[in-house]
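Under this note's numbering, residues 4 to 154 are what the sequence shown spells out, in order.
No wet-lab data here; the hints were simulated from the structure.
Computed from a predicted structure; not experimentally measured.
Treat the hints with care, since some could be wrong.
[To be verified] Lysine-lysine pairs mimicking DSS-like chemistry, simulated, CA-CA at most 25 Å apart:
#1 Lys97 with Lys85
#2 Lys5 with Lys70
#3 Lys97 with Lys5
#4 Lys97 with Lys33
#5 Lys29 with Lys5
#6 Lys91 with Lys33
#7 Lys14 with Lys29
#8 Lys29 with Lys91
#9 Lys85 with Lys70
#10 Lys128 with Lys97
#11 Lys91 with Lys128
#12 Lys70 with Lys97
#13 Lys70 with Lys14
#14 Lys33 with Lys5
#15 Lys85 with Lys128
#16 Lys5 with Lys91
#17 Lys16 with Lys70
#18 Lys128 with Lys5
[Stated by the list, open to error] What follows is a set of in silico ranges between Cβ atoms, one per label pair, in the way DEER data are often shown:
#19 Asp22 with Ser114: 18 to 26 Å
#20 Pro48 with His86: 31 to 39 Å
#21 Arg104 with Met134: 32 to 40 Å
#22 Gln55 with Lys97: 40 to 48 Å
All residues carry an ideal CB built from backbone N, CA and C; glycine is no exception.
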Amino acid sequence: MKGFRIVCVGKIKEAYFNDGIDYYVKDIRKSMPMEVVECPDEPTPDRASEAQEAEIRRIEGSRILQKIHEDDYVVALCIDGKHYDTTKWISRTKRQMAETRGYYTFVIGGSLGLSEEVVRRANEKLSFSSMTFPHQMMRMILCEQIARIFL
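Using the sequences and the hints given, assemble the complete structure.
Written out as structure tokens, the structure is:
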């Protein structure tokens with residue numbers, strides 16, 4: 004495996020989220036290469052129609068797919084994804100790391116979620132909760148969980 008990658012939509016503006024993410028990324032990098040790749044988000048008009056929202060997801064999805072390599076193992080973070088407790092997730096992730104030739108890539112969509120194309124490209128869908136979290140917070144939570152792999 005080449006390392007971990009998080010491909011996500013949008014930038015983080017809050018310093019406290021950036022500080023938390025930086026802390027965990029530095030910790031992970033002590034054991035494994037790790038990178039966070041941000042794709043620009045599309046502005047969403049107020050009261051956007053379903054067609055407009057679908058087009059925004061398609062554009063953001065196209066940007067995400069450009070950052071994914073053919074040999075990457077891709078995990079899409081989706082509310083309807085599989086739930087694990089931390090111990091089972093770490094065990095499963097370690098097994099998959101041994102089989103992955105490219106990057107172990109996590110994908111976090113924008114405020115409207117992921118496009119169908121990105122979900123189809125994913126090797127699996129993962130959910131941390133049935134609740135909705137801000138994408139900035141989810142990025143930090145994901146980094147914290149990845150760091151646990153190396154404890």
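Verification of the hints:
Under the criterion of a C-alpha separation no larger than 25 Å, the hint pairing Lys97 with Lys85 is consistent with the structure, at around 17 Å. Restraint check: the Cα-Cα separation between Lys5 and Lys70 comes to about 15 Å, which is no more than 25 Å; the hinted pair holds. For the suggested pair Lys97 and Lys5, the alpha carbons sit about 13 Å apart, so the restraint of at most 25 Å is met. Of the supplied pair hints, the one linking Lys97 and Lys33 holds, its CA atoms being roughly 16 Å apart against a limit of 25 Å.
Among the hinted pairs, Lys29 with Lys5 is consistent with the structure: their alpha-carbon atoms are about 17 Å apart, no more than 25 Å. A distance of roughly 23 Å separates the Cα atoms of Lys91 and Lys33; the hinted pair therefore holds under the 25 Å criterion. Distance restraint check for Lys14 and Lys29: the Cα-Cα separation of roughly 19 Å lies within the 25 Å cut-off, and the hinted pair is therefore satisfied. A threshold of 25 Å between alpha carbons decides the hint, and for Lys29 with Lys91 the separation of about 24 Å falls inside it, so the pair holds.
Only pairs whose Cα atoms come within 25 Å are accepted, and Lys85 paired with Lys70 is accepted, the gap being roughly 24 Å. Between Lys128 and Lys97 the CA atoms are separated by roughly 17 Å; this keeps the pair inside 25 Å, and the hint holds. The suggested pairing of Lys91 with Lys128 holds, with an alpha-carbon distance near 15 Å, which does not exceed 25 Å. The hinted pair formed by Lys70 and Lys97 meets the criterion: a straight-line CA distance of about 23 Å does not exceed 25 Å.
Using a Cα cut-off of 25 Å, the hinted pair Lys70 and Lys14 holds, with the two alpha carbons roughly 16 Å apart. Restraint check for Lys33 and Lys5: the C-alpha separation of about 14 Å stays at or below 25 Å, so the hint holds. Proposed proximity of Lys85 and Lys128 is supported: the alpha carbons are some 6 Å apart, at most 25 Å. Our distance criterion of 25 Å between C-alpha atoms is met by Lys5 and Lys91, whose separation comes to about 22 Å.
As the CA atoms of Lys16 and Lys70 are separated by approximately 22 Å, the hinted pair is consistent with the 25 Å bound. For the proposed pair Lys128 and Lys5, the alpha carbon gap of about 21 Å is at most 25 Å, so the pair holds. With their beta carbons about 22 Å apart, Asp22 and Ser114 fall inside the hinted range of 18 to 26 Å. Taking 31 to 39 Å as the suggested C-beta distance range, the pair Pro48 and His86 conforms, at roughly 33 Å.
At about 34 Å, the CB distance of Arg104 to Met134 agrees with the hint of 32 to 40 Å. With their beta carbons about 41 Å apart, Gln55 and Lys97 fall inside the hinted range of 40 to 48 Å.
Checked against the numbered hints given earlier, this structure breaks none of them.
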